[in-house]
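S.K.: Here is what each chain is made of, one letter per residue.
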Amino acid sequence: MNDQQQLVNAIFNTSSEFEEKGLAIYQRNLQANAVRALQISYPTVLKLIGDDLFAYATKQLLKVDFPNSGDWGLWGRNFPDLLSNLPALQEYPSVIDIARLDFLMHMQGREKDTAVDMASMTLLAECELDQLRLILNPAIRILESDYPVIEIYQANTQSDYAETSLHKAQQKLANNIGQKCLIYRPQYKPLIREIDSAELNWLQLMQQGSSIGKALDTLLIQDQKFSLETWLPLAIQQNLIFSLKKM
Amino acid sequence: MKTIGEFKSENKVAIGVGLRHPHYADVLAPSLNIEASDSMQIDFVEVHSENFFAQGGASRALIKEVAEKYPVSLHSTALGLGSKASIAGGYLESLSELANIVNPFLMSDHAAFSWSEIEGESVHAGDLLPIAFNEKNLKNMANNIDAVQQLTGKRLLIENLSAYLQPKDSILIETDFLVALTELTQCGLLIDLNNLVVNANNFSDIPALEYAKDWLQKIPAHVVGEIHLAGFTPVAEGELAIDDHSQPISDHGWQLYEFALQRFGAVPTLIEWDNNLPSWQELLLEAHKARIVSELVMNNE
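Keeping their order, the protein sequence lines are chains A and B.
Each residue of the first sequence is one higher than the last, beginning at 1 in the working numbering.
Each residue of the second sequence is one higher than the last, beginning at 1001 in the working numbering.
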């Protein structure tokens, strides 16, 4: 082990080979930087579990998931898994899905800017739907949860709707109502909305490369209500689409 | 707004501030630099590169807008140029992409290491860790600086580090190490005056001001590309001072600044404040103080 590896090992593993006071400063810096990073990427979890448990969980994550990119904004992807193993959260499993949602929202905010290729939309008038593929914005993400994560998220992030969202969340939790969520970014701010089974299937078929015509037939056979005419303008407005492509 | 080159040719010091998240809206406020008085003007902003590594979204939009309004200095904190382990390719790509977008007038990082391994697993220490000043590390760091300069096409400035531990294997003095780096790579130096005071407190029996002036005397003027001014929380005697950038610049800091300008000339100067952040107006007033000091010194030359 070279001298640099020895110091880094000492900082991460609390070894005592180095002068105690100086080492302690680097160890405190590391923990403070890690907590600060996760406070940014997991703001809702922080509100739900409080400063102390959040700091404890961050410290635990540092032991098993070393930062390795030089960008604290990318660290912490495994935080939800770590939270799922914390005894203190065993009775609050919804927190784990909220953590997943927090990180998806955080990463959505960092994705490349994209715009719908409007010129490609003319293909709709020129080709049969069986010959067309819809390329979705690669940045959109889907989260399926057994809990009303959108309402819980909104209750903790949108003060104007906090009370209403909390009330809705409580009702849905009492009735075991989960949600399918779409995470997207029309411009700079990541957004979330609930999607039904038909839209979820549609998006998955598009991601799998199905033609538009075939996907619509599949949904029809499954008796799922989906209207391309209604969905398309919304998808353009919400920046869910990248382009149309002839197969 | 004057370009940084114009400041140099007029023998004037360009004064900037470190831009941090709570001030993002302030820096783009339309009143600044249009109707504002001289005391509220800045000549450039410096950002931490890593805060703008996101490939898109609000932070990317912001830095583009800031770069349209001000000359930008990209100050990195995670390059780990003194690391024996390799610098991650992804990090270098992000830095290079950001430099292409911002076209910074300065790029800098520290004489420190950050990349290493724990049980064979790559790790970034998330901090600026001290390197031993010896020939082997000099060669290694020079290679890393070369690689980054070639990749970005920009000259790097290397900042002297504040530290809380002293590596055992140093055989060169810090100033010799830094000057040798400039000779090997044509990089420049970013002199952080606060770091000198912190190190004097932590490792030297010589009074801080004397230690720092002696240190500055050993640096040739032509390699200095920027000066950082900052403050730190005072500590009791015998305690290690932490370079927390949480206070106004100390009296020692201002005295050293005067001394440094007399020695190095009209070097772009930054007010660096990261914790316990004041209002934007207070930050600009601190920058104004730096301008007054710099004008007094430069007018007396």
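Since the hints were made in silico from the structure, they are not lab data.
Bear in mind that the values here come from a model prediction, so they are computed numbers and not experimental data.
Worth double-checking, as some hints may not be accurate.
[Said to hold, decoys possible] Facing chain B, from chain A, some residues (calculated, C-beta under 10 Å):
#, residue
1, N2
2, V8
3, N13
4, F18
5, A24
6, Q108
7, K189
8, P190
Here a beta-carbon is modelled for each residue, glycine too, at the ideal position from N, C-alpha and C.
S.K.: Would you mind marking each hint as holding or not holding in the structure?
M.R.: Hint check results:
1. N2: holds, 6 Å
2. V8: OK, holds: A:V8 within 10 Å of chain B, min 4 Å.
3. N13: This hint holds: A:N13 lies near chain B, its Cβ roughly 8 Å from the closest one there, short of 10 Å.
4. F18: Where the cut-off is 10 Å and the nearest Cβ of chain B is about 6 Å from A:F18, the hint holds.
5. A24: Hint holds; A:A24 Cβ to chain B Cβ min 8 Å, cut 10 Å.
6. Q108: Status holds, d = 8 Å.
7. K189: holds, 7 Å
8. P190: Holds, about 8 Å.
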